[in-house]
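Participant: Line order of the protein sequences matches chains A and B. Residue numbers 1 to 403, in full-length UniProt numbering, belong to the letters of the first sequence in order. Residue numbers 1 to 403, in full-length UniProt numbering, belong to the letters of the second sequence in order.
Mixed in with the good hints there might be a few duds.
[As the list claims (entries may be wrong)] Part of the chain A face toward chain B, derived, beta carbon under 10 Å:
1. G35
2. L75
3. F372
[To be verified] Below are the SDA-like pairs computed for lysine to any residue, each with C-alpha atoms no more than 20 Å apart in a straight line:
4. B:K400 <-> A:I83
5. A:K165 <-> A:H191
6. A:K84 <-> B:E7
7. A:K36 <-> B:K11
8. B:K49 <-> A:G35
9. B:K367 <-> A:V32
10. A:K182 <-> B:E399
11. B:K400 <-> A:E176
12. A:K84 <-> B:D4
13. A:K182 <-> B:P45
14. B:K11 <-> A:Q181
15. A:K84 <-> B:K49
What the hints contain is simulated information worked out from the structure, not anything from laboratory work. All C-beta atoms, glycine included, are put in the ideal place defined by N, C-alpha and C.
There are 2 protein chains.
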Amino acid sequence: MMVDRQEFLQKLITKTDSKIVMLVMDGIGDTVVNGKTPLQAAKTPNLDKVATESDLGQTIPVLPGVTPGSGPGHLGLFGYDPIKFQIGRGILEALGIDVEVGEKDVVARGNFATIDGDIVVDRRAGRPATEISKKIVEKLQESIKEIDGVKVQFYPGKEHRFVVKLTGEGLDDRIEDADPQKEGLPIKWAHATHPEAEKTAEIFTKLMKEIREVLKDEPKINFALIRGFSKYPAIPKFPEVYKMRAAAIAVYPMYKGLAKLVGMDILNVDGETPEDEFETLKKHWDEYDFFYVHIKKTDSYGEDGNFDAKTHVIEMVDKALPKLLELNPDVLVVTGDHSTPVAISGHSWHPVPFMIKSAYTRAGLSKAFDEFECARGSVGTIYAVDLMSLLMANARKLEKFGA
Amino acid sequence: MMVDRQEFLQKLITKTDSKIVMLVMDGIGDTVVNGKTPLQAAKTPNLDKVATESDLGQTIPVLPGVTPGSGPGHLGLFGYDPIKFQIGRGILEALGIDVEVGEKDVVARGNFATIDGDIVVDRRAGRPATEISKKIVEKLQESIKEIDGVKVQFYPGKEHRFVVKLTGEGLDDRIEDADPQKEGLPIKWAHATHPEAEKTAEIFTKLMKEIREVLKDEPKINFALIRGFSKYPAIPKFPEVYKMRAAAIAVYPMYKGLAKLVGMDILNVDGETPEDEFETLKKHWDEYDFFYVHIKKTDSYGEDGNFDAKTHVIEMVDKALPKLLELNPDVLVVTGDHSTPVAISGHSWHPVPFMIKSAYTRAGLSKAFDEFECARGSVGTIYAVDLMSLLMANARKLEKFGA
Numbered sequence: 001m002m003v004d005r006q007e008f009l010q011k012l013i014t015k016t017d018s019k020i021v022m023l024v025m026d027g028i029g030d031t032v033v034n035g036k037t038p039l040q041a042a043k044t045p046n047l048d049k050v051a052t053e054s055d056l057g058q059t060i061p062v063l064p065g066v067t068p069g070s071g072p073g074h075l076g077l078f079g080y081d082p083i084k085f086q087i088g089r090g091i092l093e094a095l096g097i098d099v100e101v102g103e104k105d106v107v108a109r110g111n112f113a114t115i116d117g118d119i120v121v122d123r124r125a126g127r128p129a130t131e132i133s134k135k136i137v138e139k140l141q142e143s144i145k146e147i148d149g150v151k152v153q154f155y156p157g158k159e160h161r162f163v164v165k166l167t168g169e170g171l172d173d174r175i176e177d178a179d180p181q182k183e184g185l186p187i188k189w190a191h192a193t194h195p196e197a198e199k200t201a202e203i204f205t206k207l208m209k210e211i212r213e214v215l216k217d218e219p220k221i222n223f224a225l226i227r228g229f230s231k232y233p234a235i236p237k238f239p240e241v242y243k244m245r246a247a248a249i250a251v252y253p254m255y256k257g258l259a260k261l262v263g264m265d266i267l268n269v270d271g272e273t274p275e276d277e278f279e280t281l282k283k284h285w286d287e288y289d290f291f292y293v294h295i296k297k298t299d300s301y302g303e304d305g306n307f308d309a310k311t312h313v314i315e316m317v318d319k320a321l322p323k324l325l326e327l328n329p330d331v332l333v334v335t336g337d338h339s340t341p342v343a344i345s346g347h348s349w350h351p352v353p354f355m356i357k358s359a360y361t362r363a364g365l366s367k368a369f370d371e372f373e374c375a376r377g378s379v380g381t382i383y384a385v386d387l388m389s390l391l392m393a394n395a396r397k398l399e400k401f402g403a
Numbered sequence: 001m002m003v004d005r006q007e008f009l010q011k012l013i014t015k016t017d018s019k020i021v022m023l024v025m026d027g028i029g030d031t032v033v034n035g036k037t038p039l040q041a042a043k044t045p046n047l048d049k050v051a052t053e054s055d056l057g058q059t060i061p062v063l064p065g066v067t068p069g070s071g072p073g074h075l076g077l078f079g080y081d082p083i084k085f086q087i088g089r090g091i092l093e094a095l096g097i098d099v100e101v102g103e104k105d106v107v108a109r110g111n112f113a114t115i116d117g118d119i120v121v122d123r124r125a126g127r128p129a130t131e132i133s134k135k136i137v138e139k140l141q142e143s144i145k146e147i148d149g150v151k152v153q154f155y156p157g158k159e160h161r162f163v164v165k166l167t168g169e170g171l172d173d174r175i176e177d178a179d180p181q182k183e184g185l186p187i188k189w190a191h192a193t194h195p196e197a198e199k200t201a202e203i204f205t206k207l208m209k210e211i212r213e214v215l216k217d218e219p220k221i222n223f224a225l226i227r228g229f230s231k232y233p234a235i236p237k238f239p240e241v242y243k244m245r246a247a248a249i250a251v252y253p254m255y256k257g258l259a260k261l262v263g264m265d266i267l268n269v270d271g272e273t274p275e276d277e278f279e280t281l282k283k284h285w286d287e288y289d290f291f292y293v294h295i296k297k298t299d300s301y302g303e304d305g306n307f308d309a310k311t312h313v314i315e316m317v318d319k320a321l322p323k324l325l326e327l328n329p330d331v332l333v334v335t336g337d338h339s340t341p342v343a344i345s346g347h348s349w350h351p352v353p354f355m356i357k358s359a360y361t362r363a364g365l366s367k368a369f370d371e372f373e374c375a376r377g378s379v380g381t382i383y384a385v386d387l388m389s390l391l392m393a394n395a396r397k398l399e400k401f402g403a
């Protein structure tokens, strides 16, 4: 986006004692169902009170009309141009489950699958329990340790998911997903999109054939689809760019991975509820200047098309909110990384509502926190990549530009 | 603008069966006269009902404060960066009247004019009837066939307008308009803005002098101003970029020219009213995925400063709208290519209202289709060049960006 935001801000950013909390309710934005959006339907006295004290607006995650994955959605929120920094799913999964990724490595996400002959009949092998899947991963690791002089390591994930890491010289991640995307289609092997990646693609294809051989007598988990090939990306570190000690509070691996990628510390959460996450926030309050707090379930229920459940999660966040508010952050932003409308059962391109509470807001215009109030809020519609500079300004961490 | 939108979208665009209708009411945006804009004053029950089901917003045609011609205005709507793709008026006029333009040609738009000595006293020679003007064009073609080894061809247009085409080696279109722009000023000959165009400028100056000689005994039409010098531009083809079969429904030559330039098919309209245009839409409904429908008269009456007539055209569109709506397009956008305020009697820089109707809108916020509702709509203010990606998103023709 024209000017690299972080480069431009760099010379204005100043270190202060103020604290910023970014509360990301994943997929929060929605559309109207029976007259209301989930944010409108939910009883949210605490969020609405914050709205009366805040600057409201809405973000365009990438570009108008573009539906972001969680990676680009979050990078934008953290102030990284999501078009400039394109991050593979493999690296996010790997970082999320604490796999160390080095400069010479290529990681990818694996999906256990069921094949019948050459046809992929179940892309998730009936969603095996994590414990079963973990044993299969161990079996693979015992049989497959190296291909063409390149070291192969497997790491179990949740259910059908795992991570595979190759370590060796000259590896390249410019490879198409080895996944037909739909069931009933033939196996798709790994294909390089650039000539320099042909050797790596060949190794992944050999790997998939070896996996098929090792698992050939398994009734369901007899194959793996491999995708999201990625090297560790060169990305500026959030704490250095913004001169803040930064921590992430998240339950799901991919979001921990995203935070780790930009150099945040990952804080352990004892439990899974919003209240548990706010408890972690309280516990580490003195140790950091910036906290990213991620609520996953708003997105999950949006993906499920479950209006009532999404609404209920919003109410749970609202109910727990006083625990966060009593810490009295200098700046609080409540937003999402993208919209996940119930009516779409998936991510969407719709603008994402946000509100920023600080001592310096142009408060007074808005009465509640929802999509419509935010569309007509005091900030207007901005790119997500510009949110960080608004937070930094409200935290008085940005000096004047020019004389 | 930052990222080239079409390049970025290319890898996300997917072919589907959904249909998009882009209804362009030329110059629709306006300012308030006696308390209302023409859109507010017009009785538009159909447009207003669509507004209740739509996402509303407003577009910036080029950059804030920049008043676009019809070319940049439309290119933005079609998703082409109007600053990157600058198209001469000559090529638009030529394509609009079915002149074949080859790679070695330079075309320009001619205006018959009246001179008195060296002074241009009427830039349109009293707006002659098309039939009279056509005879003058024939007379010129008989007398002038070649200059300095370059072939010269004339094509009649409406009233005082005509097109001239040069065909030869090494022609260049970087030439200033040979038009003093105001009456009472001396003749302005053709001047190159780049050294490579000097030969071509010289030929055009010779041509203007020969025209003066041939017409010296005519009482009114005794000269021609020549402008909009242009070669055929290299421009990506709309149907290839967006993977849609695309057609244009327009009555006026320049808009047909614009559509042809980007590779749309031009559909014949039997008549000139909005209803006639919607009838054409209906007739060809099954043959295309994208329809650009152009209403000219909103702009014409804006240019004339005629509030009531502009209002009446809006009402005519509204009355005919059910014929369009009954086709049930997956996505309908109603907008303009720029504003033409009655109070300005010309194009302006004001943002242009739009509404997008689909099954996926954040509908419910807006009650009517006008400048004020659009300024406070659910989409906010965006660049015109970003409208296409919103339409593509609503038509579910864009895949998710990133994991």
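Participant: Should the hint that F372 (chain A) touches chain B count as held when the rule is a Cβ pair under 10 Å?
Facilitator: Because about 5 Å separates F372 (chain A) from the closest Cβ in chain B, which is inside the 10 Å limit, the hint holds.
Participant: Take a quick look at whether K49 (chain B) and G35 (chain A) sit within 20 Å of each other, Cα to Cα.
Facilitator: Answer holds: K49 (chain B) to G35 (chain A) is near 16 Å, not above 20 Å.
Participant: Take a quick look at whether K400 (chain B) and E176 (chain A) sit within 20 Å of each other, Cα to Cα.
Facilitator: Holds, at roughly 16 Å.
Participant: For the pair we were handed, K182 (chain A) and P45 (chain B), check the Cα-Cα distance against 20 Å.
Facilitator: Answer violated: K182 (chain A) to P45 (chain B) is near 45 Å, above 20 Å.
Participant: Given the proposed pairing of K84 (chain A) with E7 (chain B), does the C-alpha separation stay at or below 20 Å?
Facilitator: Holds: K84 (chain A) and E7 (chain B) sit about 14 Å apart, inside 20 Å.
Participant: Given the hint that K36 (chain A) pairs with K11 (chain B), test it: the Cα-Cα distance must not exceed 20 Å.
Facilitator: At roughly 34 Å apart (the allowed maximum being 20 Å), K11 (chain B) and K36 (chain A) break the hint.
Participant: Checking one constraint from the list: CA of K11 (chain B) to CA of Q181 (chain A), max 20 Å. Satisfied?
Facilitator: Since the Cα atoms of K11 (chain B) and Q181 (chain A) sit roughly 16 Å apart, the hinted pair holds (cutoff 20 Å).
Participant: Sort out whether K49 (chain B) lies within 20 Å of K84 (chain A), counting only the CA atoms.
Facilitator: Violated: K84 (chain A) and K49 (chain B) sit about 41 Å apart, past 20 Å.
Participant: When you check the alpha-carbon spacing of K400 (chain B) and I83 (chain A), does it fall within 20 Å?
Facilitator: holds (13 Å)
Participant: Quickly compare the C-alpha distance for K84 (chain A) and D4 (chain B) to 20 Å and report which way the hint goes.
Facilitator: Within the cut-off at roughly 13 Å; holds.
Participant: Hint check: K165 (chain A) vs H191 (chain A), CA-CA at most 20 Å. Holds or violated?
Facilitator: holds (17 Å)
Participant: With 10 Å as the cut and Cβ atoms as the points, is G35 (chain A) at the interface with chain B?
Facilitator: Because about 7 Å separates G35 (chain A) from the closest Cβ in chain B, which is inside the 10 Å limit, the hint holds.
This entry does not satisfy hints 7, 13 and 15, going by the numbered hints stated previously.
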